[in-house]
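Chemist: Going down the list, the sequences are from chains G and P. Okay, so the first sequence: first residue is 3 according to the working numbering, each after it adds one. Okay, so the second sequence: first residue is 3 according to the working numbering, each after it adds one.
Think of the hints as simulated: they come from the structure by calculation, not from any bench. Here the structure is a predicted model, which is why all the values come from computation and not from measurement. Just so you know, not all the hints are guaranteed correct.
Since the list gives no way to pick out one identical chain from another, each pair is judged satisfied if it fits inside one copy or across any two copies.
Capping the alpha-carbon separation at 30 angstroms, the derived lysine-lysine pairs in BS3-like fashion look like this [stated by the list, open to error]: (1) Lys846 / Lys740; (2) Lys665 / Lys446; (3) Lys194 / Lys153; (4) Lys900 / Lys740; (5) Lys504 / Lys660; (6) Lys234 / Lys740; (7) Lys433 / Lys504; (8) Lys330 / Lys5; (9) Lys330 / Lys367.
Protein chains: 2
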Amino acid sequence: MSKYIYSFGAGKAEGSAQMRNLLGGKGANLAEMASIGLPVPAGFTISTEVCTYFNAHDRNYPPALQEELDTAIRHTEKIMGRHFGQPDNPLLLSVRSGARISMPGMMETVLNIGLTSKTLPGLVEHTSNERFVWDCYRRLITMYSDVVMEKAAGISPPEGQGIRQQLDRLMDELKEKHDYEYDHQLTAADLKSLTDAYKVRIKDVLGKEFPDDPMEQLWGSIGAVFASWDGKRAVAYRRIEGIPNDWGTAVNVQAMVFGNLGENSATGVGFTRNPATGENAFYGEWLPNAQGEDVVAGLRTPNPLNEASRNEGNTLPSLEELTPHLYKELVDYRNKLEEHYTDMQDVEFTIEDGTLYMLQTRAGKRNGMSALRMAVEMFQDGLIDKATALQRVQPSQLDELLHPMVDPEEERTHNALAKGLPAGPGGATGKIVLTPDKAENLAKQGEKVILVRTETSPEDVHGMHAAEAILTSRGGMTSHAALVARGWGKCCIVGCQDLDIKLDRGEIHVNGMILREGDVLTLNGTKGLVYQGALPLIAIDPAKNENLKTFLEWCDETRSLGIRANADRPEDAAQARQLGAAGIGLTRTEHMFFEPERIKHVRQMILAEEPEERRSAIMQLLPFQKEDFRGIFLAMEGLPVTIRLLDPPLHEFVPHEKSHQIKLATDMGRTPEEIRSRVEALEEFNPMLGHRGCRLGISYPEITEMQARAILEAAAELVREGHDARPEIMVPLVGHFKELQNQREIIDEVYEEVRQSIGEIPHLAIGTMIEVPRGAVTADEIATVADFFSFGTNDLTQMGCGFSRDDSGSFLPHYVDQGIYPEDPFQSIDQSGIGELVRIAIEKGRRVKADLKLGVCGEHGGDPASIHFFHQVGLDYVSCSPFRVPVARLAAAQAALKQGTKP
Amino acid sequence: MSKYIYSFGAGKAEGSAQMRNLLGGKGANLAEMASIGLPVPAGFTISTEVCTYFNAHDRNYPPALQEELDTAIRHTEKIMGRHFGQPDNPLLLSVRSGARISMPGMMETVLNIGLTSKTLPGLVEHTSNERFVWDCYRRLITMYSDVVMEKAAGISPPEGQGIRQQLDRLMDELKEKHDYEYDHQLTAADLKSLTDAYKVRIKDVLGKEFPDDPMEQLWGSIGAVFASWDGKRAVAYRRIEGIPNDWGTAVNVQAMVFGNLGENSATGVGFTRNPATGENAFYGEWLPNAQGEDVVAGLRTPNPLNEASRNEGNTLPSLEELTPHLYKELVDYRNKLEEHYTDMQDVEFTIEDGTLYMLQTRAGKRNGMSALRMAVEMFQDGLIDKATALQRVQPSQLDELLHPMVDPEEERTHNALAKGLPAGPGGATGKIVLTPDKAENLAKQGEKVILVRTETSPEDVHGMHAAEAILTSRGGMTSHAALVARGWGKCCIVGCQDLDIKLDRGEIHVNGMILREGDVLTLNGTKGLVYQGALPLIAIDPAKNENLKTFLEWCDETRSLGIRANADRPEDAAQARQLGAAGIGLTRTEHMFFEPERIKHVRQMILAEEPEERRSAIMQLLPFQKEDFRGIFLAMEGLPVTIRLLDPPLHEFVPHEKSHQIKLATDMGRTPEEIRSRVEALEEFNPMLGHRGCRLGISYPEITEMQARAILEAAAELVREGHDARPEIMVPLVGHFKELQNQREIIDEVYEEVRQSIGEIPHLAIGTMIEVPRGAVTADEIATVADFFSFGTNDLTQMGCGFSRDDSGSFLPHYVDQGIYPEDPFQSIDQSGIGELVRIAIEKGRRVKADLKLGVCGEHGGDPASIHFFHQVGLDYVSCSPFRVPVARLAAAQAALKQGTKP
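Extracted from the complex, chain G is given alone in its bound form (with noise of 0.2 angstroms):
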């Protein structure tokens, strides 16, 4: 038979903390503090098992379930020396839900249950104090209308005319009629004429009394919060939270303890250490003759734990300073549970009439500085081990601790301007400018700039560049403007639909209000959040903070998956060096066909009519292209350097509006209806799949021939001035091996020419990209011409779910929404079906060359859940933006952790 039911208090439990999933968060713990010899108020744990029973059996409950709670009740009677419904010093229990996860706000609660017409006068004998237990009976009443009887009524009242709405305003009248400001005016009196308005106004509304039964209100508590998580509103939690529905919550009920009951009495928080700085020092506030809920509520200001805790300008007393005894009992705690859970804790804690109880305790929330601090701490001081240090940093805090940003303190005085989508993250302040040239050029005087476009295209990121944010009207997380912030780790909001962007006159206007260019912009990007003025940004220097070194150093000896970066200039493949990247996963070569002196010869290739002309204006780019790669290879000496070759479909190279054409027309000589029409014999129905990738290289082989040539010949140069130049050629969009046999061919013959003139480069390689499904799943043909496969999931998705990821927007937040796919596939790869083609890729690939080298370039590469696959799937390695480095040494060493492949 199951046993439904597990005590705890004295010292003693039957359950422990290892049994969440059973007990939930809540209980579990209760249990270990109780263990551990901590003074919790005794009671029990009903376990999630019965919730599952309950509402699976129509709301019945196992039928042993009745004798359990009888024993377990009479357990809890005999440790707190008092009894349930009992008239003299009667035993008060409070009700509790405690899933396995913590679902705040989510589930119902119900306190000082056992008040009836025979207990009070017991109660008030007991405490002495009339009006404290009138008060408890008020709040009995309020909170089991609402969540019990309300609730099975069946009735949904209209806004604002629920029980307890209808209960609160009772109360209120009696105040204005008495002239009181606050509750705690309310007399003893007043509060036994409102009790009883309360119960007849319940009656009325409700067609039933309220019990004065103390079973009757404990059976009617346990069934709510068991009811409570089949609710709307946890439901819908958990489809948001991923949440599964069968895991169901457990019931705590638990004897009350009053820290309200006078000036010996107290109620306070505390965590175990310092949750914004990670110092190791007990840290927490408390409020005499309080009761938890006041502690949260903030009304009251609240005194300070010890000096360590104290705020500026705060004079309150500590408690350390007002009962040493009691501080120094609590530190004693504080002490036995860090060692005992080896984490820092957050508890709750009540003092009733001078006896410290604890109430709570659960793994305290920290910010990114303090997790890593504490992590490399406890590993110091023999609390953890490094595998536990490792885990115990989120990926996303790291990431958080690598940006400036918005002080919190400052931001929290301000109201934002705009919303948009937080598509880059940390902080940054500039004027407004709205084009980029504007951008360049002011940035170029000094000034720090936010360039504001409705949405960017190739031909903006000079201005992208110069500015230290960019923020955009439209576009998803995805966009262009989007996709090279992150590249670059730049502050960048999207899609802030509020902006209305009046390019011609100068201004934005947004809700009403009209900006103008040089007005100031704060941007939060981390929140998505755009603010007028300057706010302070905070930053750290990570290659000045120890412990992010020590603990990066850690992930490295942890992680078998090797970290790379993206990057297409120098100065960013010398940062992401910095940051930890052993190589570069990926260059791309189209931007550095913007600059102007560049896109010139790029145009005049787009426009040739032969062969002959083409080829000599693409050869044009050569030296330039020639001093892009050696600047890259110096920066990146002695590690590889995978350089894509051209990609994006021509038509990005050419202007598409009218007064830029008619410029063009007259750079070239041609008539602009020359231009338009070569313009418009570009354009396709779905660019995605039109004529880019390798099928330019291989419609124009010279653009390959030139691209290789600049590249092995900087390599080559390299090589026989002393350097160690490591080139990896890509090519891009390969679905058929003949795709990259042709390429390669083309490459190969380059080298010979190179080999002789220039001499050797040992390090050569000449790979693929797989990111058409047609490449992934003929991999074995493929990799019988690739040295390297490099998986380009951004574009696998696009093709292998069929989702354009320009357009996706007006389907894929409701497929999220529903549940259809469990996250956004452009932000975290699917697993099943795209990470599928991934594995049929390697598997294959494999098969027919075992040293084939694996990576990842798309964006996946720097998203957590996505570098647990790729490790998973046995990826050599994976290339993220500089910046997302240090988050992936991190996930990669997690994933190792979590495979148990490392120690």
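Guided by the hints, dock chain P onto chain G, whose structure is given.
Modeler: Just chain P now, kept in the frame of chain G:
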């Protein structure tokens, strides 16, 4: 030791017809004819292995070849009773190429080898025909200098300056000098002096003497033929035809016989059955006193072989009349050949001075009509078995039969006005109309019209349907016009770039000519040719053709693959059924949305801002859709009908032209600005990967609900009335099983209501398209919620290869030219790539659901090579356009025969 040379003659041969790979087609058949006792001029074949050796060993021969050649010459001499190089009655030889597969005109031939200063007089004496001998010598010199000497000299003369042209000019000068009009006016003396002049010129230009040694002539010729295998032309031809380079050619050396020795000599060609009609009657023509090339050249009108071969108006005597004994001998050989080869043969013969020689036999080329008749009759006559009969007709030949065609005789006498892509086969004639409305109106008045458009869109469908044929100036083989026309079996030419359509003026400018609306055109959709005026069409009625009926019954007995049709309307369904479809594999519901009284509701739905408004608009379509489905179910009584839920993106249903938008605004009581902005909001960067397919039904469940209700109510009512309606509801564009689950829940719910209110539908199935790569690789998950899969290989190709079919014109033709893809993957399924996705899906799908029904409904369903593939991977059925059903029945039968799964 290898044998290199195979002799034949005098009723014996070392080779046989089975040795085609070694001896080439020509050599193998010469050997075979000799073996079965036909009078073949003796000779021998040098095997293809020698060719391979020769080209791999820097044009050297295997050492043993010399000796084998000497033996073979002696053998030939013995049979012919003459000696090679011997002055008295010399043996002359021909040297001809002969590869495994005929490569017409790609390789070299040298005739009359063995004529030298020593042998000329002997031949004159023997033939008593001096002019004949010098003419032979002139021909030898011309061929040899061109084929052997010029090539050996490594000279690439400028255009028109080749040695052959120079020699031809010498002859022209001589003719001019003597004022001759024809070659035959040249006397023996003229020819003698001409050959002298030839030799001088050859020495001058090529620096070498024309060889006067017979063996040197023979070796030179053999080497030239082998070398020609690696010639530029032959290599290019093989690349196009997909013939492997390592096959090599054989060389046939054979005794010369002459049909031009005088009035007792003749030459002719024959077919053992009539190649145009298939009638079992010997058919051919001949020329007295002529060489084979004269028949081919067509300068003289040839005599008929017999009365059965006589063309109208030809009064020349037949061979049967003139020389009955020789004709009888020829008929004997004809019978022997048919019996031996059990197929219609194309033969060449020569009569030299009253002696009949058979020079060549090979399977005769035939058109569809004759192929069908011969296959059926040969089986009925016991000549071949049924499996052979089924393999004697190509699917394309059957297709040819099923469409009216431009009379080829008439077509030969007309020049095409323009050429486009042959998108819909058959012929059509009609008046030019430039708008779909006009097409519909004129067609209603009984006019035959041809709709000419730049390109077509779904808005044009009514006019396309009304027209006899469709002609567009843009678009490729899978453009909208091409797809729709093929679906209807309608004649269609697309991408006819010479057309410049001036819609406003009602004119078409084409190659300098102006056509107007109302002018008559004729289209040959099989070849893509456009003619001015009305050319006569010829047609057979498939329903009345007994041979076709019989033949298709044999196909059905033989095949295991089911054949269904794609049809959107009851009349198309009925036609499909008549052509042998065992069900409908795809009914597209969107075409039904375009009729005028419906489209307004569709647009109302699209413009709706509230779900209720959308719902009420969409529900207006219910009665229309129900009626559509009822008609199709009735037409297909007892057979399954697969209906696809709405698939195209909504922007296809709204007007994009400003004037139409203004009209719509007026109709809907909106502002044009509202309409424009909604239309713009629907625009997508990559509509192919956008908001379409089941994504619509998930965003707007009321669409799915309405369509499911229309299908299910129509079917349930029919069942209640005693009919056998078998709906299969197909959800498009499923990539994730939860998408199908979502849609299936809606359909199941509607069915539950219909079942209760109307009644059961015993043969209801609910399944999905597999057309998204993710769907293919997660087919195991999808199969858990699907009753069937239908592969949408069009979209699977687009997404799997990453090719937009609308845009791939910019690179795909080049890809096919370069051999990257062997064929356009939209025409014939890419078996190794997209086919692999299909294989993966089948394997995964059947693993979890063994009885999962599997079909294909993409364009590939009607392509014979693709049908072979689908048979092989184990699909249950293919679905194609109604007019392709007979073709598919044949292809499926041939696939079964190939795999040996059926007798």
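Chemist: At most 30 angstroms between CA atoms: does that hold for Lys330 and Lys367 within a copy, between copies, both, or neither?
Modeler: within (24 angstroms within a copy, 107 angstroms between copies)
Chemist: Give the relationship of Lys846 and Lys740 under a CA distance limit of 30 angstroms: within one copy only, between copies only, both, or neither.
Modeler: Both: 17 angstroms inside a copy, 28 angstroms across copies.
Chemist: Is it within, between, both or neither when you check Lys330 against Lys5 at 30 angstroms Cα-Cα?
Modeler: Neither way: Lys330 and Lys5 sit 38 angstroms apart in one copy and 107 angstroms across, limit 30 angstroms.
Chemist: Tell me, please, which holds for Lys665 and Lys446 at an alpha-carbon limit of 30 angstroms: within, between, both or neither?
Modeler: within (26 angstroms within a copy, 53 angstroms between copies)
Chemist: Checking an output row: Lys234 and Lys740, CA cutoff 30 angstroms. Within, between, both or neither?
Modeler: Answer is between; shortest inter-copy Cα gap is 22 angstroms, intra-copy 56 angstroms.
Chemist: Up to 30 angstroms between alpha-carbons, please classify Lys433 paired with Lys504: within, between, both or neither.
Modeler: within (16 angstroms within a copy, 53 angstroms between copies)
Chemist: Up to 30 angstroms between alpha-carbons, please classify Lys900 paired with Lys740: within, between, both or neither.
Modeler: between (40 angstroms within a copy, 29 angstroms between copies)
Chemist: When no copy is named, should Lys194 and Lys153 be tagged within, between, both, or neither for a Cα gap of at most 30 angstroms?
Modeler: Answer is within: at 25 angstroms inside a copy they meet the 30 angstroms cutoff, but 122 angstroms across does not.
Chemist: Using 30 angstroms as the alpha-carbon threshold, which applies to Lys504 and Lys660: within, between, both, or neither?
Modeler: both (19 angstroms within a copy, 25 angstroms between copies)
Hint 8 from the earlier list is the only one contradicted by this structure; the remaining hints agree with it.
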